[in-house]
Structure formats: structure tokens, C-alpha cells
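A.B. asks: Protein chains in written order, with the numbering used here: chain A, 1 to 111; chain B, 1 to 111.
Source of the hints: derived by calculation from the structure; they are not laboratory data.
Careful, some of the hints might be misleading.
[To be verified] Straight-line alpha carbon distances no greater than 30 Å define the calculated DSS-like cross-link-like pairs of lysine-lysine that follow:
no.: 1; chain 1: B; residue 1: Lys45; chain 2: A; residue 2: Lys57
no.: 2; chain 1: B; residue 1: Lys45; chain 2: B; residue 2: Lys67
no.: 3; chain 1: B; residue 1: Lys3; chain 2: B; residue 2: Lys56
no.: 4; chain 1: A; residue 1: Lys57; chain 2: B; residue 2: Lys3
no.: 5; chain 1: B; residue 1: Lys45; chain 2: B; residue 2: Lys3
no.: 6; chain 1: A; residue 1: Lys11; chain 2: B; residue 2: Lys45
no.: 7; chain 1: B; residue 1: Lys57; chain 2: B; residue 2: Lys3
no.: 8; chain 1: A; residue 1: Lys65; chain 2: B; residue 2: Lys3
no.: 9; chain 1: A; residue 1: Lys65; chain 2: B; residue 2: Lys45
no.: 10; chain 1: B; residue 1: Lys67; chain 2: A; residue 2: Lys57
no.: 11; chain 1: A; residue 1: Lys11; chain 2: B; residue 2: Lys106
no.: 12; chain 1: B; residue 1: Lys57; chain 2: B; residue 2: Lys45
no.: 13; chain 1: B; residue 1: Lys110; chain 2: B; residue 2: Lys57
Given the structure is predicted, the values throughout are model-derived calculations rather than measurements.
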Amino acid sequence: EAAVTQSPRSKVAVTGGKVTLSCHQTNNHDYMYWYRQDTGHGLRLIHYSYVADSTEKGDIPDGYKASRPSQENFSLILELASLSQTAVYFCASRTGQNTLYFGAGTRLSVL
Amino acid sequence: QQKVQQSPESLSVPEGGMASLNCTSSDRNFQYFWWYRQHSGEGPKALMSIFSDGDKKEGRFTAHLNKASLHVSLHIRDSQPSDSALYFCAASFNNNNAPRFGAGTKLTVKP
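Here chain A stands alone, though its shape is the one from the complex (with noise of 0.2 Å):
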């Protein structure tokens, strides 16, 4: 089965800060995706990349970076962490049908 390892599983950073974080598959898929999860909002793209090494903006894209620097690993960078960015995100991967196979979630938290 596909396999999507997420990472830390949760966190909690201080308003300001710089949070990481990170994504491996061993799928061997090209496409890969952030989503972030709120109640009422379902899950919301915030970037996704389809090669190493070039990324592109989702619908969401605001306060977020995103680096791609080999197919396996996929990272998200907040650099100035803020309280609304207190979520569950979520890191997945695709098939060649567009099906995606998600990680497990981060939950962070912004204090």
C-alpha cells in the first residue's frame, strides 16, 4: 500500500516563530500536495509540486513556502508562524487516476 510519512505528528510553536514541516513517500509518485484541515472548511490546498525541485501555489498560498528538493520529500515552511495557522495539515501524494493517498496529519498549534 502507498505510503505518505508525515512529520512531527504535532507541534507547538510560539507566534513569530519558523515551523517545518515534512513529508516522505516512498510511492514513487511525481505529484505531491499540502492540504490544511479546519472545521467548516473541509481540506484546502495550499501548495503542491509535480517535479523536484519547483513547487506551484494552491488556493491558499498566503504565509506558506513550500520546497521539493528530491520526488520523496516534500516540505512546508511557515516562517512567521501566526494564530490563524493553528490547524491539522495534512501531506499527500497521487496516483496516475489523480487518487490521493494522504499521511497521517500534522496538528499544530500557534500560541
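Use these hints to put chain B onto chain A, whose structure you have.
C.D. replies: Using the frame of chain A, we list chain B on its own:
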């Protein structure tokens, strides 16, 4: 405004009953649809995809798509307590476009 709307927000059915979940799109360019299920504390997992008008059945789950009305539904027969979860509808323009998700329907199956 989200381009994928789901109803109802929450739904409770008795064990063995039928659960019906709905999804509509405000963007006629969406052509590919999925249903995902998320149990508490886990990442979403794909249940089924539907790309053509009509019904698609997989075990106890049946999806129905009507592209003309931009409506897709999911019906779960013989609902089990293990079906209790958050159900997401997702849609994309084509096989390469990043899927967009609705806000979800919380299903509770009561023993």
C-alpha cells in the same frame, strides 16, 4: 467560497440503515469526482472515484454522478458503526488538476 458543497453537515443513521450523502459543484469545469473517508485521528482515505454519469457500485457503497446538474451522491447500505467517520467529496477539472474538497459530512452510525 468553496467550489464543492456538501450536505448535510452531519447525519445519524441506525446500524443496518441507509446513509445518503450529497455533493454539488459550483464550477461546471469539474469533471472528475471522488469520495474520501476520514476516521478520527487519521488521514483521509479514498473510497471510490466516479468519472462518468450514472451509478458506480463497490460493495455496500454506491456513487451516483449527474454532470448536467453538477451533483454527485454517495449511498451506504447496511451501515455499520465502523462507517462512522467524516466523508469528503473531492472534484478536479482533469486527471492532472489538484482535487478540491468540500467541507465534509460527519456520519454517525448508532448500534
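A.B. asks: Each hint should be assessed against the structure and marked as holding or not.
C.D. replies: Results of checking the hints against the structure:
no.: 1; hint: Lys45(B) <-> Lys57(A); result: holds (24 Å)
no.: 2; hint: Lys45(B) <-> Lys67(B); result: holds (24 Å)
no.: 3; hint: Lys3(B) <-> Lys56(B); result: holds (23 Å)
no.: 4; hint: Lys57(A) <-> Lys3(B); result: holds (17 Å)
no.: 5; hint: Lys45(B) <-> Lys3(B); result: holds (21 Å)
no.: 6; hint: Lys11(A) <-> Lys45(B); result: holds (23 Å)
no.: 7; hint: Lys57(B) <-> Lys3(B); result: holds (26 Å)
no.: 8; hint: Lys65(A) <-> Lys3(B); result: holds (24 Å)
no.: 9; hint: Lys65(A) <-> Lys45(B); result: holds (26 Å)
no.: 10; hint: Lys67(B) <-> Lys57(A); result: holds (28 Å)
no.: 11; hint: Lys11(A) <-> Lys106(B); result: holds (26 Å)
no.: 12; hint: Lys57(B) <-> Lys45(B); result: holds (17 Å)
no.: 13; hint: Lys110(B) <-> Lys57(B); result: holds (24 Å)
Hint compliance for this structure: no hint is broken.
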